[in-house]
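Asker: Take a look at the letters that make up each chain.
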Amino acid sequence: MYKIVGTFCILAGCAGFGCARVRQEKDRIRYLRGFIHVIRRIQDEISYGKHTLPEICRILADESEAWCAPYFEEIYRQMMQESGRGLKEAWDGQMKACMQDLPLQEEERDIIMKLPAFLGLQEETRQAMSFSQSVELLGRKCRQAEDAYENRAKMIHSVSILAGLLLSILLL
Amino acid sequence: MGREEIIHMFPERMRGRWHKVADLYDQLQEIRLRAGMAATILLGQSEKFVGVKGQIVDRQEQGDRMTPQELDEILQHLCQYSLYAFADEIRQGFLTIQGGHRVGLAGQVILNDEGGIRNIKYIRYLNIRIAHQIKGAADPVMRFLYDKGQVRNTLLVSPPGCGKTTMLRDIIRQVSDGTTFGQGVNVSVVDERSEIAGSYMGIPQNDVGRRTDVMDGCPKVEGMMMLIRSMAPRVLAVDELGSERDIEALRMASGCGCKLIATVHGESLEEIQNKKYMRYVMEEGMFDRYVVLERQDGNCVVEGIYDREGQRCIR
Numbered sequence: 001m002y003k004i005v006g007t008f009c010i011l012a013g014c015a016g017f018g019c020a021r022v023r024q025e026k027d028r029i030r031y032l033r034g035f036i037h038v039i040r041r042i043q044d045e046i047s048y049g050k051h052t053l054p055e056i057c058r059i060l061a062d063e064s065e066a067w068c069a070p071y072f073e074e075i076y077r078q079m080m081q082e083s084g085r086g087l088k089e090a091w092d093g094q095m096k097a098c099m100q101d102l103p104l105q106e107e108e109r110d111i112i113m114k115l116p117a118f119l120g121l122q123e124e125t126r127q128a129m130s131f132s133q134s135v136e137l138l139g140r141k142c143r144q145a146e147d148a149y150e151n152r153a154k155m156i157h158s159v160s161i162l163a164g165l166l167l168s169i170l171l172l
Numbered sequence: 173m174g175r176e177e178i179i180h181m182f183p184e185r186m187r188g189r190w191h192k193v194a195d196l197y198d199q200l201q202e203i204r205l206r207a208g209m210a211a212t213i214l215l216g217q218s219e220k221f222v223g224v225k226g227q228i229v230d231r232q233e234q235g236d237r238m239t240p241q242e243l244d245e246i247l248q249h250l251c252q253y254s255l256y257a258f259a260d261e262i263r264q265g266f267l268t269i270q271g272g273h274r275v276g277l278a279g280q281v282i283l284n285d286e287g288g289i290r291n292i293k294y295i296r297y298l299n300i301r302i303a304h305q306i307k308g309a310a311d312p313v314m315r316f317l318y319d320k321g322q323v324r325n326t327l328l329v330s331p332p333g334c335g336k337t338t339m340l341r342d343i344i345r346q347v348s349d350g351t352t353f354g355q356g357v358n359v360s361v362v363d364e365r366s367e368i369a370g371s372y373m374g375i376p377q378n379d380v381g382r383r384t385d386v387m388d389g390c391p392k393v394e395g396m397m398m399l400i401r402s403m404a405p406r407v408l409a410v411d412e413l414g415s416e417r418d419i420e421a422l423r424m425a426s427g428c429g430c431k432l433i434a435t436v437h438g439e440s441l442e443e444i445q446n447k448k449y450m451r452y453v454m455e456e457g458m459f460d461r462y463v464v465l466e467r468q469d470g471n472c473v474v475e476g477i478y479d480r481e482g483q484r485c486i487r
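Residue numbers (this note's numbering), protein chains in the order written: chain A, 1 to 172; chain B, 173 to 487.
So here's chain B without its partners, still in its complex pose (with noise of 0.2 Å):
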């Protein structure tokens, strides 16, 4: 399914060079292509070309440079000819295509009167990052994450691009599923940039268990309160706290009995405690367990795993 899905990004007449970069679609984490220049794919950690052919080459000059008609019609391909219905995205500068697979945009943007946002044109740059979901990436934390069969307030603190929104679908999940630590649970899921459950046309391109709610593309404070009214989740997860206002959204679900699962962006607990809006988190005791990922020799890992104190359950 995944290599048919790279396939089928592109449109029809360019097909024919994309076969050989989605036969290798387990290794394949991005494809970076830019107006003027070779497309580039990123396989595992190395960087690699795309020839005229379609072959996978190691040097930029033998690839194939993209044009910009080439981007704009791949651009409308990945939006189904329909760039008005993903005009919210394309502002925010990236789509979400089926499988799950996020484009990031750029381009020259416009403005409108109030100096927001108004749309991009010439969008000349697209980077294809691939999902893929890993089943089992939060199996090491799991237990540490239930109390006598009860989830328990959860926050993931991680650096950029070491899985805590990979870890955080599987927690969401496992939660929702069930596991031998506790029965399944509906968990509402405000998943604002699409990046968790990866909606696309409003159904979950990823597995996030079934007793999940998704609420898609919407802001997290809006969407907590949407869905604390609406749904009754016994569970609420969010990713990438970063304003007071998120923090109070999720005292205002703690404060409705809700659960809650949450990512902040972050190297290590000290960290995130000289954050102004974490500060009174951590001294409250929002979150019963702090699980803190980190790079080590390349490879994302859990640095350790948190008490409500600070103490340290596990290394």
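Here chain A stands alone, though its shape is the one from the complex (with noise of 0.2 Å):
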């Protein structure tokens, strides 16, 4: 009986670890097109609404979705109304506290940290335009991820219950 039990605790638990990975492959892929929302929002308010970016941060922190606007939010605060913090410090801090649980390639961290350094333009479209590389390689990334998911997931399943299996016949 115990047998039967341990046996059924170790699938269950291999069958478990194997939907949390094909849970975070998910959630990477929501991530990516969450912070491609968010770029693009960028460049819509500088093109058009001609915000600056605090307040595209304060637009941000009200829309966007609720694992990002606090962050957006403190951007905004530390920019605005506490000590006047440059965008890049005040990205920096937030950006690397927002992405610090997400579970997010350090390539794609990277490209989202290193968006204040595409600033600097007069123009407003150019402005906007200079963050299309960023949406760009976030967009190749999130079609890979997606591409890669549908195959991943199968794989990840199977060879977590095999995992189980074995574990268990190793154990009996």
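FYI, nobody ran anything at the bench for these hints, they're computed from the structure.
Nothing here was measured: the structure is a model prediction, and the numbers come from that model.
Idealized CB from N, CA, C, for every residue including glycine.
Mixed in with the good hints, there may be bad ones.
[Said to hold, decoys possible] If you want a taste of the chain B side facing chain A, the calculated C-beta under 8 Å gives, among others: (1) Pro183; (2) Glu184; (3) Gln248; (4) His249; (5) Tyr253; (6) Ala259; (7) Ile262; (8) Gln264; (9) Asn284; (10) Pro332.
[Claimed, not checked] Derived list of chain A stretches under chain B, where covered just means 3 residues or more per stretch with a C-beta under 8 Å from a C-beta of chain B: (11) 51-61; (12) 65-74; (13) 113-121.
[Stated by the list, open to error] Quick list of in silico lysine-lysine cross-link-like pairs, DSS-like style, CA-CA up to 30 Å: (14) Lys141(A) <-> Lys114(A); (15) Lys114(A) <-> Lys96(A); (16) Lys50(A) <-> Lys225(B); (17) Lys88(A) <-> Lys50(A); (18) Lys141(A) <-> Lys154(A); (19) Lys114(A) <-> Lys26(A); (20) Lys114(A) <-> Lys293(B); (21) Lys50(A) <-> Lys141(A); (22) Lys50(A) <-> Lys154(A); (23) Lys447(B) <-> Lys88(A); (24) Lys141(A) <-> Lys88(A); (25) Lys96(A) <-> Lys26(A); (26) Lys88(A) <-> Lys320(B); (27) Lys50(A) <-> Lys96(A); (28) Lys88(A) <-> Lys225(B).
Reassemble the complex: the two chains are provided individually, in unrelated frames, and hints are given to aid placement.
Answerer: What follows is the structure, given as structure tokens:
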């Protein structure tokens, strides 16, 4: 009886681990899409609204998803209300905190951290366009992740169950 | 608040150098930053320089030279890292920043195909003019600007740097809030160069009265027409009349029943009479009062207040 229960627990644990890995992949795609949406919104607010970046951060704080909204609110607060901190410092601190627990790859984090480096153009359309490369790079990463997701999900599920079986057999 | 505004003009890493300057906020008139030169400050009428550790020094050689990179950084910071949002102002050569302070810019101009200014690059000269609103600046003239509780059409005449915008701002505030000479009325201001209200992100940084609406950064003629149509002002105020089109717009505003308060560059009434577009204004009697300012012994004073016929009401 104990052996059956143990085997069941091992199988369930391995399957759960597999599901968590699959969810992490799914979340990565979701957050990548989220960041692409954020950058596109920044582009729109620059080219159509001609809002300043702190104002854009406030708009994003109001209209973005809960996982990133508080960080944009904090960037706005630091730049406008607290100490008049520079965008780069505020962005670095808050985006680092925002992405700390997100399942993103190092390269993807880099793209987001480097966004302030594209600032400094006087014409709004060109300034908005300067973020296009970042959108393109993140978009490519996102498409790769989406393409790989189906196959990887199946593979992870299968491997985790097989690993569970193998572990059970070994222990038995 | 003023002290903090000075500190916040600069990026965090440079702020240590500006504490002593900020402490002198009340006397501070200008901060001039030029690439390769020491930062210059104007305290009252005297010129000083900022040293490496932020100390105020008398000689340029003792000052800390600004680098082009530092100027770029300061400009970015002043524009909230959003140069594109200030492109129109940069093209005109100035920005208005929080607190209503104005930053003059100079650098290399890039022209467009039509020969107009496309933008300015290599901005290597910044002149930060510190705004000090002087409430009560118009007190000596206010009683002459009312007739049985109604605001009179008034033209302020003054040479540059004599405080006509300061006086206009205070007249607007008092007319808007109301004085012992008349009740407060709705005032509309066309603030073409953001000098009167010093609007920053749409909010006046100077007190221009509680019944005042400001059309910021808008050309005078278009602004006057828009405000008359949309805000139904009792009083319309504009700064620095300078063309026949301005006068034509004023004439239309006057025809709509608005009272006018305006300013014009000039040393005296005689001088503005010699300007073609102003001569008709005076002949028509568009203004009921002319307030002439002048500089005496380094101080700006009211030279005289004149009526519609050019007769002196007071000296």
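Asker: So which hints don't hold here, by number, going up?
Answerer: Failing hints, ascending: 8, 9, 10, 12, 16, 22, 23 and 26.
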